[in-house]
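Asks: Each chain, written out:
Number of protein chains: 2
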Amino acid sequence: MFMDNIKQYLSKKRQLVDQTLGSYFVDKGNTLFDIMYYSLDHGKRIRPILAIAGYEACGGKDINEIMPIACGLELIHTYSLIHDDLPSMDNDDFRRGRESAHKKFGEATAILSGDGLFAYAYELISNGNGLVAEKNKVISRVSEAVGPKGIVFGQMLDIAAVDPLTPKKLRNIHLNKTAKFIEVSIECGALIAKASEKTIEKIKKGGILLGMLFQYTDDILDVVGERSALGKTPGKDKTAGKITASAVYGLDGARFRAKRYAERAKAVFHALGSEFMFFDQIIEYILNRTF
Amino acid sequence: MFMDNIKQYLSKKRQLVDQTLGSYFVDKGNTLFDIMYYSLDHGKRIRPILAIAGYEACGGKDINEIMPIACGLELIHTYSLIHDDLPSMDNDDFRRGRESAHKKFGEATAILSGDGLFAYAYELISNGNGLVAEKNKVISRVSEAVGPKGIVFGQMLDIAAVDPLTPKKLRNIHLNKTAKFIEVSIECGALIAKASEKTIEKIKKGGILLGMLFQYTDDILDVVGERSALGKTPGKDKTAGKITASAVYGLDGARFRAKRYAERAKAVFHALGSEFMFFDQIIEYILNRTF
Chain A
128 MFMDNIKQYL
138 SKKRQLVDQT
148 LGSYFVDKGN
158 TLFDIMYYSL
168 DHGKRIRPIL
178 AIAGYEACGG
188 KDINEIMPIA
198 CGLELIHTYS
208 LIHDDLPSMD
218 NDDFRRGRES
228 AHKKFGEATA
238 ILSGDGLFAY
248 AYELISNGNG
258 LVAEKNKVIS
268 RVSEAVGPKG
278 IVFGQMLDIA
288 AVDPLTPKKL
298 RNIHLNKTAK
308 FIEVSIECGA
318 LIAKASEKTI
328 EKIKKGGILL
338 GMLFQYTDDI
348 LDVVGERSAL
358 GKTPGKDKTA
368 GKITASAVYG
378 LDGARFRAKR
388 YAERAKAVFH
398 ALGSEFMFFD
408 QIIEYILNRT
418 F
Chain B
128 MFMDNIKQYL
138 SKKRQLVDQT
148 LGSYFVDKGN
158 TLFDIMYYSL
168 DHGKRIRPIL
178 AIAGYEACGG
188 KDINEIMPIA
198 CGLELIHTYS
208 LIHDDLPSMD
218 NDDFRRGRES
228 AHKKFGEATA
238 ILSGDGLFAY
248 AYELISNGNG
258 LVAEKNKVIS
268 RVSEAVGPKG
278 IVFGQMLDIA
288 AVDPLTPKKL
298 RNIHLNKTAK
308 FIEVSIECGA
318 LIAKASEKTI
328 EKIKKGGILL
338 GMLFQYTDDI
348 LDVVGERSAL
358 GKTPGKDKTA
368 GKITASAVYG
378 LDGARFRAKR
388 YAERAKAVFH
398 ALGSEFMFFD
408 QIIEYILNRT
418 F
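If you read the protein sequences in the order shown, they are chains A and B. Per my numbering, residue 128 is the first one in the first sequence, and the count goes up by one each step. Per my numbering, residue 128 is the first one in the second sequence, and the count goes up by one each step.
Some hints could be false.
Each computed BS3-like pair below joins lysine-lysine, with the alpha-carbon atoms no more than 30 angstroms apart [what the hints assert, rightly or not]:
#, chain 1, residue 1, chain 2, residue 2
1, B, K155, A, K295
2, B, K325, A, K231
3, B, K329, A, K155
4, B, K296, A, K230
5, A, K231, B, K329
6, B, K363, A, K230
7, A, K365, B, K231
8, B, K155, A, K329
9, B, K325, B, K231
10, A, K363, B, K230
11, A, K155, B, K331
12, B, K321, A, K321
13, A, K321, B, K264
14, B, K155, A, K264
15, B, K264, A, K155
16, A, K332, B, K386
17, A, K230, B, K264
18, A, K325, B, K155
A partial selection of chain A residues facing chain B, derived with a Cβ cut-off under 8 angstroms [claimed, not checked]:
#, residue
19, S215
20, G243
21, V375
22, G377
These are computed hints drawn from the structure, not numbers from a lab. Positions of the beta carbon are idealized from the N, C-alpha and C atoms, including for glycine.
All chains should be built: construct the whole structure from the sequences, respecting the hints.
Replies: Next up, the structure:
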């Protein structure tokens, strides 16, 4: 019953996100948009759904306010996947159940399609329906989370990481590469719904914990996941000698810590009141995900 | 006398831009900022100077309003150079008088330093002093000019271009790869100075002409320029069989058309009144540039 609710919720929101994303990519009269859309298609839409969930939990009533931002987050996430998959980085040929962008279109076009998604995300966000002050704050926070103080920094640490695999290095990579952007996704929803600063501070804390949980389950799935369910190649992190949660703590240790992150995240969202009850289910769903 | 004025003006503004850029890159406690700054250093700062000139011509009085945006434009320009220079794209090992980013730091780090500059540009712009409505408009216009309807599209056309070299293809590449971003640089200044819509429409027209002129002189310098002055390798476009103005029109034809773009651009800025007189000198300077 519990899991049925969340599955239904996620499926409904995913459809909405997919529909809106599609509307941003029709009739553009230039093939670059088709190429960008190829990589965008078939995502789980976790970040846009978190933005919508954050918006609704904070009392937002007009979903059109948050949709361009939610979709912008997915564009940015997709751009980061395209660049991470490149031969000079993680060299992954399989993503979202199909050939990765550089395998399909060649390296130059892949890089450019990532660059294009990144820029187009900002165009969508700035042209969206929200009030300019809130949108400006969103742009500032998103840029911080995805740039050289966030994802880009995390990816650099990730590709440069060498032995020994320490918990400190692991945390720094997870925090920058994944958790900050997951956190900001929820925060965007709260900002556009004009949540109080106090609420936003708590969301930041809960969002980071949820983001750490998300990366822990990603690391676990790299060990135990199935290629068909994941839509990407498992075992790559291990082969590449990457610093992952299971490499540092062992599989059981990683599972134990994932569960602890889930509990801590739940506690923070509980404290935000009944409007945030749904985050309980989201957290549980992420903890138990198989893809 | 005439040229002394403009040289002094450009030198003064360049110093100001360099100083402000430097202030955004100190004490960040992460080496990625140093790596990004390496590629940022030693630029001509044409786009930031055009933003400042547009701001001042439209009556802007507080230079701190435009500086974060002016610098953001330079970050975005530098990111596009880093990605263009990559082995899978134009494969240029020499830029701004030194090894290009991928030659110096390796391909993965170069891609990431470009990504980092792009994101950091938006952070600077959104955190700047201007009013949020104007900043939001700037972000929208910049994103359009540098994304899949602008620079990224132009670069894709450029790397995919095949015979025959037609004037139409040439114009499409120049417009998207260079002219739109040059135009938007001036427009940003006008937007932040709260220029009227009528003024901005004229600036757009003049800016595109100035941008076309800029790319024409770039193409000419690829044929006649000196490596030491350019800080990049001349002759690369020709070797790569690229569509350039001199390839399509011959060197004399390209020079003739560059001059015509300069005259048309001047006429548009003249019509904007005496506050824009200085654009005469900027245009003349670009027409006669040797680097």
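Asks: Do the alpha carbons of K365/A and K231/B lie within 30 angstroms of each other, as the hint requires?
Replies: Holds, at roughly 29 angstroms.
Asks: Holds or violated: are the alpha carbons of K321/A and K264/B at most 30 angstroms from each other?
Replies: Answer holds: K321/A to K264/B is near 21 angstroms, not above 30 angstroms.
Asks: Taking only the CA atoms, is the gap from K329/B to K155/A under or equal to 30 angstroms?
Replies: holds, 26 angstroms
Asks: Does G377/A pass the interface check with chain B, least Cβ-Cβ distance below 8 angstroms?
Replies: violated, 29 angstroms
Asks: Please work out if K325/A and K155/B have their alpha carbons no farther apart than 30 angstroms.
Replies: With Cα atoms ~28 angstroms apart, K325/A and K155/B stay inside 30 angstroms; holds.
Asks: Given the proposed pairing of K325/B with K231/A, does the C-alpha separation stay at or below 30 angstroms?
Replies: violated, 45 angstroms
Asks: Does the structure keep K363/A and K230/B at a Cα separation of 30 angstroms or less?
Replies: holds, 27 angstroms
Asks: Hinted pair, alpha-carbon criterion (30 angstroms max): K155/B, K295/A. Please report holds or violated.
Replies: holds, 19 angstroms
Asks: Can you confirm whether the C-alpha distance between K155/B and K264/A stays at or below 30 angstroms?
Replies: holds, 21 angstroms
Asks: Decide if the proposed pair is consistent with the structure: K363/B and K230/A, CA atoms, cutoff 30 angstroms inclusive.
Replies: Measuring from Cα to Cα gives roughly 27 angstroms; hence the hint holds.
Asks: Compare the distance between the alpha carbons of K155/A and K331/B with 30 angstroms, and conclude whether the hinted pair is satisfied.
Replies: holds, 22 angstroms
Asks: Does the alpha-carbon distance linking K264/B and K155/A stay inside the 30 angstroms limit?
Replies: holds, 21 angstroms
Checked against the numbered hints given earlier, this structure breaks hints 2, 5, 9, 16, 17, 21, 22; the rest are met.
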